[in-house]
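Participant: Sequence:
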Amino acid sequence: MLGECQSLLLTISLQDHVSDRLPTKANLISRCILSLAAHHCVSSCGKVESAQHLFLSCSTFGSLWSLVSSWIGSSLVIAQTPSDHFVQFTASAGGFRV
Numbered sequence: 004m005l006g007e008c009q010s011l012l013l014t015i016s017l018q019d020h021v022s023d024r025l026p027t028k029a030n031l032i033s034r035c036i037l038s039l040a041a042h043h044c045v046s047s048c049g050k051v052e053s054a055q056h057l058f059l060s061c062s063t064f065g066s067l068w069s070l071v072s073s074w075i076g077s078s079l080v081i082a083q084t085p086s087d088h089f090v091q092f093t094a095s096a097g098g099f100r101v
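Adding 3 to a residue's 1-based position in the sequence shown gives its number in my numbering.
These are computed hints drawn from the structure, not numbers from a lab. Glycine included, each C-beta is placed from N, C-alpha and C at the ideal position. Do not rely on the hints blindly, as some may be mistaken.
[As the list claims (entries may be wrong)] Derived Cβ-Cβ restraints for the label pairs, each shown as a range:
1. Leu31 <-> Val71: 32 to 42 Å
2. Thr84 <-> Pro26: 12 to 22 Å
3. Gly76 <-> Arg24: 27 to 37 Å
4. Ser77 <-> Ala40: 33 to 43 Å
5. Ser69 <-> Cys35: 14 to 24 Å
6. Ile75 <-> Arg34: 30 to 40 Å
7. His43 <-> Leu67: 12 to 22 Å
8. Ser73 <-> Ala41: 32 to 42 Å
9. Ser73 <-> Ala40: 30 to 40 Å
10. Ala94 <-> Ser66: 31 to 41 Å
11. Thr84 <-> Cys48: 16 to 26 Å
12. Ile36 <-> Ser60: 17 to 27 Å
13. Gly76 <-> Ile36: 33 to 43 Å
[To be verified] Keeping only pairs whose Cα atoms sit at most 20 Å apart, straight-line, the calculated SDA-like set for lysine to any residue is:
14. Lys28 <-> Val45
15. Lys50 <-> Leu39
16. Lys28 <-> Ser47
17. Lys50 <-> Gly65
18. Lys28 <-> Ser78
19. Lys50 <-> Ile32
20. Lys28 <-> Ala41
21. Lys50 <-> Ser62
22. Lys50 <-> Trp68
23. Lys28 <-> Gln55
24. Lys28 <-> Phe64
25. Lys50 <-> Ala29
26. Lys28 <-> Ala40
27. Lys50 <-> Ser33
28. Lys28 <-> Leu39
29. Lys28 <-> Ser73
30. Lys28 <-> Lys50
31. Lys50 <-> Val71
Just need the whole structure built from these sequences, with the hints factored in.
Facilitator: Have a look at this one:
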């Protein structure tokens, strides 16, 4: 499970530096794949679905990070970007393993 979280965050971190390719609704709308009316988060929280929202501020999905932190025995530090989350969680697990 931890390895899957690390892989996902690595993908997001790398994409964050190149371009936003994570298929969030905000990104799909900006690429004219979805209509503007379909911008709400899949959790029905009423916010725009972006990577920042899903991983950091969503009341449903963002709150999972405190559970993951507790599970791996790490203190939770609130990150400002998905890339910061990647650094925090890989460091907590002893670094990224390729």
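Participant: Is the straight-line distance between the alpha-carbon of Lys28 and that of Ala40 20 Å or less?
Facilitator: The hint holds at about 10 Å.
Participant: Can you let me know if the beta-carbon spacing of Leu31 and Val71 is within 32 to 42 Å?
Facilitator: violated, 26 Å
Participant: For the pair supplied as a hint, Lys28 and Gln55, confirm whether the alpha-carbon distance does not exceed 20 Å.
Facilitator: Holds, at about 12 Å.
Participant: Just to be careful, I want the Cα atoms of Lys50 and Ile32 compared with a cutoff of 20 Å; is the pair within it?
Facilitator: holds, 14 Å
Participant: Within 14 to 24 Å or not, the Cβ separation of Ser69 and Cys35?
Facilitator: Violated, since Ser69 and Cys35 (Cβ atoms, about 36 Å apart) do not stay within the stated range.
Participant: Do the alpha carbons of Lys50 and Trp68 lie within 20 Å of each other, as the hint requires?
Facilitator: holds, 19 Å
Participant: For the pair supplied as a hint, Lys28 and Ala41, is the alpha-carbon distance within the 20 Å limit?
Facilitator: holds, 7 Å
Participant: Against the range 27 to 37 Å, how does the distance between the Cβ atoms of Gly76 and Arg24 compare: consistent or not?
Facilitator: holds, 32 Å
Participant: If I claimed the Cβ atoms of His43 and Leu67 lie 12 to 22 Å apart, would that claim hold in this structure?
Facilitator: Holds, at about 19 Å.
Participant: Given a hint of 33 to 43 Å, does the C-beta separation of Gly76 and Ile36 actually sit inside it?
Facilitator: holds, 40 Å
Participant: Given the hint that Lys50 pairs with Leu39, does the C-alpha gap stay at or below 20 Å?
Facilitator: holds, 13 Å
Participant: Within a Cα-Cα threshold of 20 Å, do Lys28 and Leu39 meet the stated pairing?
Facilitator: holds, 9 Å
Consistency note: the structure conflicts with the earlier hints numbered 1, 5, 10, 18, 29 and 31.
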